[in-house]
Structures are given as structure tokens and as C-alpha cells.
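Engineer: Given next are the chains, with one letter for each unit.
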Amino acid sequence: MSEKVLGNEWAVAWIQACARITSDERAALNDLDRAIGDGDHGENLDRGFSAVAAKLDSAAPAQLGETFKLVATTLMSTVGGAAGPLYGTAFLRAGKAAGEADNRAGGLDATGVAELLEAGLAGLVARGKAEPGDKTMVDAWDAAATAARAAAESGSDPVAVWAEASAAAEAGARATEPMVARKGRASYLGERSAGHRDPGAQSSAMLLAAAAAAARDTP
Amino acid sequence: MKKLINDPHDVVKEAVAGFVAAHSDLVAAGPDPEELFVHRRGGAVPGKVGLVSGGGSGHEPLHVGFVGEGMLDAAVPGAVFTSPTPGPILAATKAADGGAGVLHIVKNYTGDVLNFETAAELADAEDIDVAAVIINDDVAVQDSLYTAGRRGVAGTVLVEKIAGASAERRDDLATVAAVATKVNERTRSMGVALHACTVPHAGELSFELAEDEIEIGIGIHGEPGRERIPMAGADDITDRLLDAVTTDLGLSGGEEVLLFVNGMGATPLSELYIVYGRAAERLAAAGVKVTRSLVGNYTTALDMQGCSVTVLHLDEELTTLWDAPAKTPAMRSET
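Taken in order, these protein sequences are the chains called S and B. For what it's worth, our numbering labels the leading residue of the first sequence as 122, then goes sequentially. For what it's worth, our numbering labels the leading residue of the second sequence as 2, then goes sequentially.
Keep in mind that the hints were calculated from the coordinates and are not lab data. Note that the structure is predicted; figures quoted are calculated from it, not measured. Even for Gly, the Cβ is constructed at its ideal location relative to N, Cα and C. Don't take every hint at face value.
Result set (EDC-like, lysine to aspartate or glutamate): computed pairs, CA atoms no more than 20 Å apart in a straight line [to be verified]:
1. B/183 / B/316
2. S/250 / B/122
3. B/290 / B/228
4. S/176 / B/35
5. B/328 / B/316
6. S/190 / B/122
7. S/250 / B/249
According to the in silico footprint, chain S covers these stretches of chain B (three or more CB under 8 Å from chain S) [claimed, not checked]:
8. 72-83
9. 99-113
10. 148-156
11. 189-203
12. 215-226
13. 234-244
Whenever a hint applies, use it, and build me the whole structure from the sequences.
Structural biologist: Next up, the structure:
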């Protein structure tokens, strides 16, 4: 059995891609946030992931779990707002799961990918106290984790599990459009929040798509 | 957009540097520019409960303007309209701790609450007693399962002044926290926007209002409120704000109150006084005694045009603490 596993090289490639994407999509995320929040989601994520990328450039950890821990602490200490603690906690928990998969299988196997997403989701729920349907980033992560678990159980390899998760996250983000927000600043809009995609769900879908692309491109 | 700035990313850093330079008799900046906070000149007062507030910048003079004797020991300015991260909040908490514990005064926004909670956990790990009061005076938002709860807005200033006086007379942490909670529970606010603000790094209006439209119940970051209505006269607008506040506060006559008209940044004082005059007249007609007042730009939203009306239901203790001396860059009172 020589199933492909995703190691630290993948993790670093993913996070570097996150920095490029949040920089490229900064204005688009700000625009989404301006519609139902205060218009700085892209700005905040760009600041956080630029700081992460700089740290990875200068001293990338050798272990999968350590890389995610660095990502988590850097996001928490640079992003601010609600997104900082939320993404920070998600990456912290995801990193712990990834570290365990690393010890068990020498990297992320298919089950490891599902566990990473489930752990990240659990972190978001614990920190933000949001549930699926509240029109938050949980809607993207919940869809991704569910799809990843199903794909892993049906025997997909980790690249295919990420592809399924990424597609589900995108659908989950799209599904926030008609929802009425119940958490975060968008909840102040009540009914008027319907018709706008949640910026946190959208950024989550973008970041998870980057993970899938990095999985596909990592040898 | 025309703004008196250099690089949009340096706005907070440069504004705080200028603020500290201008008020160096009262305040100083923390030692690490990466963990930016402002503290009282001279640092923590031994044996006194420390008061730490903070949140996104752009609401000046909130919060750094209220650092000084009788009010805050430290304030943490986050990026514009973005809560600070746990690091600087922890640094400010340590700097404010005179051995009697620290009270965090936090406005009810998801980001502020999460980051202050995290900082409090870190402070606890360093054996600093931390209590927190979450300010939620904005009646524009229904406090229900379906929202993040009422927002904290201009009432924050009143909590900082009154809890500050409680700490200054050497009340213990539980007492200062109870005083802060009491002020919050007896304070209600509601705002109106006539024109949106422009966040420096975004460079465009945070929302659009038609020339003849105003938004009632606006938040201090331009979050939408209850409704958009056609532009009306100052008396009509004041009545809408005041009625929402007094109804929620349950004022029926005979109470003593502090009436506070707060400017959002780009509304002239003359207009704020027109609003104050109307609100005071209405309260008097309802048999409510306005015994203390505050009018001016205290909790702003950059260059937003508009104002908020805040009513604090006073009692003897709160009146005494409101009257206690304070010496800060943005609020001074003497006995």
C-alpha cells in the first residue's frame, strides 16, 4: 500500500498560496464585507497571511503540525477582528489533527484530510458559537468536512478528498447568499442580509480551494 | 476621497504617535510598537484596579483619549474599525495592573469580545485577575437569538468615566465591575447617519445613502440600523432616537438622567446642540429630570455625518462618580 500522503511541503505550498489569494482577492472580499459588514475582511486576511508568508519564507518549520501552529498563532496576532481568533482557532485545531495524522501515516492520508477539516470546523464552532445556517464561515467548513468524510470513506485518495471538500465549500459559501445572518455584524442587518454571500464563507472556500490545488500540484 | 493621511496602512501608528506627543503630560505609548497601546504616564497605580478598554480605531477620542486620572489606565487601538489582537491587549493589561486586578471594558462586537476573552485567558495564566464588562447600549439592534446582540456604542464613554471614578476611589475589582455593569444596564443609545464614512484603506464610502435619505439606528462602523427614511427635520429625527431610547429604558417620569448627544465625526456642534435642545425639552415634558449632560464628539465613526442620543438613568451613586474629577486628553472635570 503506497497511498499518497500530504506532508509539510504541501502545507507550506498551501499557505503560500493563501497569501497570494488573499492579496489578489483583497478588494473582492472587502466588497462582499462592505455589503453586510464593515468592509475590511480582505484587508485583515491579507495582513495576516502576508505575515504568515514572511515567517514561512524566513523559517518554515519541518513538521506539518508545527507549520499549522505557526499559521494559527500568526493569524491570531495579526488579523484582529473576529476573523483573527476564528481562523486562528481553526488552524490551531486543524494543525493538531494534521500532526496526529503525520505521526500515524507520515502525512495526511484521506482520513487525515477529513480529520483536519472536522477539527478546524470544531474550532470555529467552539470559538464563534455559530451553527450551519447562521450565514458564517461555518457554512463552508461544515460542507467541506462532510464531503471530505464521505469521500474518504468511499476510498478516494487525499487529492480527491480535497477536491470534493473544495467543491463542497464553494457550494456552502454560495448557499449563504439567501440566508439571513444570525451571527457577526451581518446579523444587525436582519432580513437585509439576504441576497449577499457571506464574506467569511467565501474566504474559507477560497482558502480550501487553495489546499486542494496544492494537493493536486504537490508531487 | 481626500484625507489628511500618508500611507493608509500607517494611519493608526501615526495618529497614536501624534496623540501621545500632544498629550505627553498625561499619557505614553507602550514600549513595543508591534503591540501598540497607550497608558497613563507613570504607569499602573499600585493598589488600584486597572481599567483597560480598546477596540478598532476610528472612534476617536474613544478610547485612547480617555486614558488618564479618573478614567482608563490603558487603551488598545486596533486597526481602523478592527478589534486589536490578544497580544497588545495582554500587554496593556499587564501595564495597567497595580496588583488589584484589571477590568476590561469591551464593546459588544464579535471580534472585540473574542480577542479580549483570549487576552483575559492569557492574563489569567500570568496570575492577573481580570473581570470584563460587555457594553451593549445600542437599542437599534434587537437583543435576540437571531443577532450577535446589541452593540456597544457611545455609552462606553459613560462606563469608562463612572467605573474609572470607582477604581480611583480604590474600590475592589468586583465592585468596579459591578459599577460598570450597572452603568451599562442603565444606559441606552441610538444613532442616525446622514452620510456614510470612508475607511482609509478602502478609499470608498462604507455604504450608500441617497441625497434625501438617512439611516436610523446606524452602528459606529456604519453597520445598518433599523430603517432608511427620507431626510427630516432635526426635531423629528431627535424624537425618533429619543423615543426608542426612553421606551427601551422604561422611563416613565420622575427619573434623573444624564443626557448625552454624541457626534459621529462630521456633524457640527451647532447641530448636536439643536438635537440636545429638543431631547432635553422632550424629557422635561415627560417629567424626566436631566441633571447631567454631555455634548460633543466622543465616540465617532471617522467622517460619518450623524449623531447618537444616549440616556443614562442616574442614581445618587452614579451621579457622585460622574462628578468625580478626571484628567484625560478628551475629558476633564474638576470638583
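Engineer: Each hint should be assessed against the structure and marked as holding or not.
Structural biologist: Hint by hint, here is what the structure shows:
Annotation: proposed proximity of residue 183 of chain B to residue 316 of chain B holds, straight-line Cα distance about 10 Å (limit 20 Å). The straight-line distance between the Cα atoms of residue 250 of chain S and residue 122 of chain B is roughly 18 Å, inside the 20 Å bound, and the hint therefore holds. Proposed proximity of residue 290 of chain B and residue 228 of chain B is contradicted: the alpha carbons are some 30 Å apart, above 20 Å. Proposed proximity of residue 176 of chain S and residue 35 of chain B is supported: the alpha carbons are some 15 Å apart, at most 20 Å.
Between residue 328 of chain B and residue 316 of chain B the CA atoms are separated by roughly 23 Å; this puts the pair beyond 20 Å, and the hint is violated. Between residue 190 of chain S and residue 122 of chain B the alpha-carbon distance is near 18 Å, which keeps this suggested pair within the 20 Å criterion. Distance check on the hinted pair: residue 250 of chain S and residue 249 of chain B sit about 27 Å apart at the alpha-carbon level, beyond 20 Å; violated. Using a Cβ-Cβ cut-off of 8 Å, 5 residues of the region 72-83 of chain B lie near chain S, which meets the minimum of three, so the contact claim holds.
Restraint check on the region 99-113 of chain B versus chain S: 3 residues with Cβ-Cβ distances below 8 Å, three needed, restraint holds. Counting residues of the region 148-156 of chain B whose CB lies closer than 8 Å to any CB of chain S gives 3, which reaches the minimum of 3, so the coverage claim holds. Given a C-beta distance limit of less than 8 Å, the hint that chain S covers the region 189-203 of chain B holds, as 3 residues qualify and 3 suffice. With 6 residues having a Cβ less than 8 Å from any Cβ of chain S, the region 215-226 of chain B passes the three-residue criterion, so the hint holds.
A stretch counts as covered by a chain when three or more of its residues have a beta carbon under 8 Å from one of that chain; for the region 234-244 of chain B and chain S the count is 0, and the coverage is violated.
Checked against the numbered hints listed earlier, the structure breaks hints 3, 5, 7, 13; every other hint is satisfied.
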